[in-house]
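A.B. asks: Chains A and B, in that order, give the protein sequences.
Quick note on this note's numbering: the first sequence kicks off at 1 and runs consecutively.
Quick note on this note's numbering: the second sequence kicks off at 1 and runs consecutively.
Quick caveat, the hints were computed from the structure, so don't treat them as lab data.
Yeah, the Cβ is synthetic: ideal placement off N, Cα and C, and Gly gets one too.
The reader is advised that the hints may include incorrect statements.
Said to hold, decoys possible - Taking lysine-lysine and the BS3-like style, the derived pairs with C-alpha atoms no more than 30 Å apart in a straight line are:
#1 B:253 to B:280
#2 B:253 to A:122
#3 B:297 to A:327
#4 A:97 to B:244
#5 B:297 to A:38
#6 A:327 to B:283
#7 A:327 to B:280
#8 B:280 to A:122
#9 A:309 to B:283
#10 A:309 to B:280
#11 A:129 to B:253
As the list claims (entries may be wrong) - Just the calculated beta-carbon pair ranges, DEER-fashion:
#12 B:253 to A:216: 30 to 36 Å
#13 B:357 to A:109: 41 to 47 Å
#14 B:298 to A:27: 48 to 54 Å
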Amino acid sequence: MTNVDPPESVPEGQETKYRGLYGKCIEHKLEGFPEQSKSETLREEINVQRQHRKLISYSIFPFVQGRPAGYKFFTAEPLEELGVPNFDFLLWNLDGKVIFGEAKSSVPASADTVVNQLEERKEIAEDHKEHIEEEYLGSEIDHMEFVVSTYVNHGDNIAKAIIEEGAEFITWVVDAHHDELWIRQARPTSFPDNLEADDPDAMLQELDRRHTHDVSALNGELDRVTTSFGQADVLPTAIIVDQLRVVVQARRVEGRHPCVDRADIESYVSNSSLNYPEERVTGIVDNLIEAGKRISFLSEWDGERADLKVVSNYTTKDDLEQVLEDKWVEWRIEDMKDDLRKECEERITAELGRQKQLSDFGVDLSEEGPSEKSC
Amino acid sequence: MHIPEGQYNLKEFCRVIFDSPERVLDGYHGQRIKSFLYLSDDGWRDYLDDHYETRELGGITKFVGEYRNRKGAEQPAKFYVGQYKDDLQMVLTAETEEAIRQALRPVSEHSDSLSPMPIMTEDFQTMNEIVLSTYDDMRISEFKSKRVPSLADARTRPDVDREIEYKGADGRDRLDEFRDEYGVVPTRIQYEHENVSIRIDTSGKFTLESVNKESFNILFDLLSEVVVNVLELLDVANQIKFEKREVVPGNLKVQVPEVSSGEIDFDQQVSLMQAENFIKGTKNSDDLNFSFTDVTKQAGSLDFSAQVTDENRGSLFNVSATEGSMRIVPKHDCSFPSLVEFYLAVIQLLDGGAEMRLYESQSAA
């Protein structure tokens, strides 16, 4: 028997029966629930997100440390505040030329889906040129370029798909084993049909133009340039467990308790991001605190030592990072189990309702409930 | 130490010690002088004034802290600090290791303007050569050596990363034999001579077991040898920083990131296992308190990156390593003591021949 409150729709007098049937149903469902593999998949999701964030970091580092062809890293996730599909980073030469960049830590075999997605984002960015000019840069854009950055093992695949789809993106590849970045130009198996030139040499020339930077100095400076994992770790569209790393980094220890003030989180977010307006930082912090509480990683702290307590007996950051990941996985798993509970509830309620109808019509019912198979 | 009231500079102060060691060290266990070198920046004195009872003796500052001895009793621990050179302070004491651990270590542990002075392994070899060439009959009774490929070839399995500790009257010969056979070079040495008994190591600690003029002369001779490189290291660490510059290229005030990163060049190829042991080593160490989060690690030609926190000082920086080098990208409150200590951790736990410099982005092609 499961100690569960039957929903109100369960006919009076049927509560015990409901509990019995529900108990059998959920026991069966939970037995068949592949918790181990779900949890592994979720951990892999965290890893994928980390690889993505680090790829962004590797891609922009040359523009943080230096100024290749005059370009500097300007901001992460431009246009995110509008809720439209956006690029991962924006570079600007402070004088009219911008580069939008998208990081793809892995590319599926059929890379044309990625190219289509990039095309869509490009169009949106172009449509919002004025917004970027007015709200971000405060000056006019006279030249836009679009980059897709990926790890070196995916470079050829995406570069080839871009050429063959006739799209205009420049492919950067990052080799994290050697901390290098360069521009990848692939050889297409077939020419795209939107080339203006007919002559093969001219066709190749046009492809070359499409897939390298117009500012030729930039092509030179990004020729196996050394790079590093560096800035950019606050990405508002990342999955929440990845974003909550901010709380781990911002935590302090009072007595033996890890804790954090809203102001600590705010200051970390603000220091770790570039050109985010105040309200965006506030929004990110609100979201982090809310999500932290939701997964029981944070809780309000009565007392004057700090606004929030990190719910853990550990204090060091590496341990807290592990606790955070565990709590998020647990929360997601619990969420999936809740779905199963919901399913059982609906089925059993419906079943009992149906039986009641039949009984109202005088049909004899055996004591047996619905078979387990029906769950 | 029992030091008469007076006004001293560092040399004069040392003279007081070696002129009458019996009086100065009366009642002290072990009867030895320990000297610690610290790299410093403006503001380091504030910490002393806030946390210790201090007293000026001319160019020397006496500072007294408290520690709990083995019997659980609170006892005062006396230390003296004087400036050896700009940005380089020397602390002298006769206190026990326990007193030093409790009462002196906090001086640099949480300070953004003071860090222990590391000695580069190569400089340490020069120091050893100076001692041995000054005293033909100097004995080495104890030493610890490490494999550093750039400083010694090995006949036996040169690829093996190794560490050897040795105790014995024939230490001087052994040290050479181990170097030739196993490619290891010393990082800690105990010297013995008629008048001299002194212990030196790469963490910048000098122990004078014989408290006399000769020992102090050796200490100062050796220091003058390493000081240039150490101050260069300080200069590098001070330049590693991150700031957001505000500019107005159009109608809006915008931020432009300016980062000056550091780079540690490895002397030997670093593997994933070594990198993992390095993390473990910093965690298990009593002196260091670095935590590594957001770690990515893959074998092969090493791909390693992480966010590093100096938990003592709150400094944050990112590191990204390949098998040949490691970049250090500053993030928040990245003060020089954290970077110097991190570098010290690298030469002690990962690669004795590693060198830190400023990172310059470069095109490899």
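A.B. asks: Against each hint, give a clear statement of whether it holds in the structure.
C.D. replies: Right, here's what the structure says about each hint:
1. Pair hint residue 253 of chain B plus residue 280 of chain B does not hold up; C-alpha atoms about 45 Å apart against a cutoff of 30 Å.
2. At roughly 26 Å between alpha-carbon atoms, residue 253 of chain B and residue 122 of chain A fall within 30 Å of each other, so this suggested pair holds.
3. Proposed proximity of residue 297 of chain B and residue 327 of chain A is supported: the alpha carbons are some 23 Å apart, at most 30 Å.
4. Proximity of residue 97 of chain A to residue 244 of chain B is assessed by CA-CA distance (about 21 Å); at most 30 Å being required, the pair is judged to hold.
5. At roughly 23 Å between alpha-carbon atoms, residue 297 of chain B and residue 38 of chain A fall within 30 Å of each other, so this suggested pair holds.
6. For a cut-off of 30 Å, the pair hint linking residue 327 of chain A to residue 283 of chain B stands: about 24 Å separates their Cα positions.
7. Proximity of residue 327 of chain A to residue 280 of chain B is assessed by CA-CA distance (about 24 Å); at most 30 Å being required, the pair is judged to hold.
8. Taken as a hint, the residue 280 of chain B and residue 122 of chain A pair is broken in the structure, with Cα atoms around 45 Å apart against an allowance of 30 Å.
9. For the hint linking residue 309 of chain A to residue 283 of chain B, the alpha-carbon distance of about 24 Å falls within 30 Å, and the restraint holds.
10. For the hint pairing residue 309 of chain A with residue 280 of chain B, the CA-to-CA distance comes to about 28 Å; that is within 30 Å, so the pair holds.
11. For the proposed pair residue 129 of chain A and residue 253 of chain B, the alpha carbon gap of about 19 Å is at most 30 Å, so the pair holds.
12. The supplied range of 30 to 36 Å is met by residue 253 of chain B and residue 216 of chain A, whose beta-carbon atoms lie about 31 Å from each other.
13. Between residue 357 of chain B and residue 109 of chain A the C-beta distance comes to about 43 Å, which sits within the given range of 41 to 47 Å.
14. The hinted window of 48 to 54 Å between residue 298 of chain B and residue 27 of chain A is violated, with their beta carbons roughly 42 Å apart.
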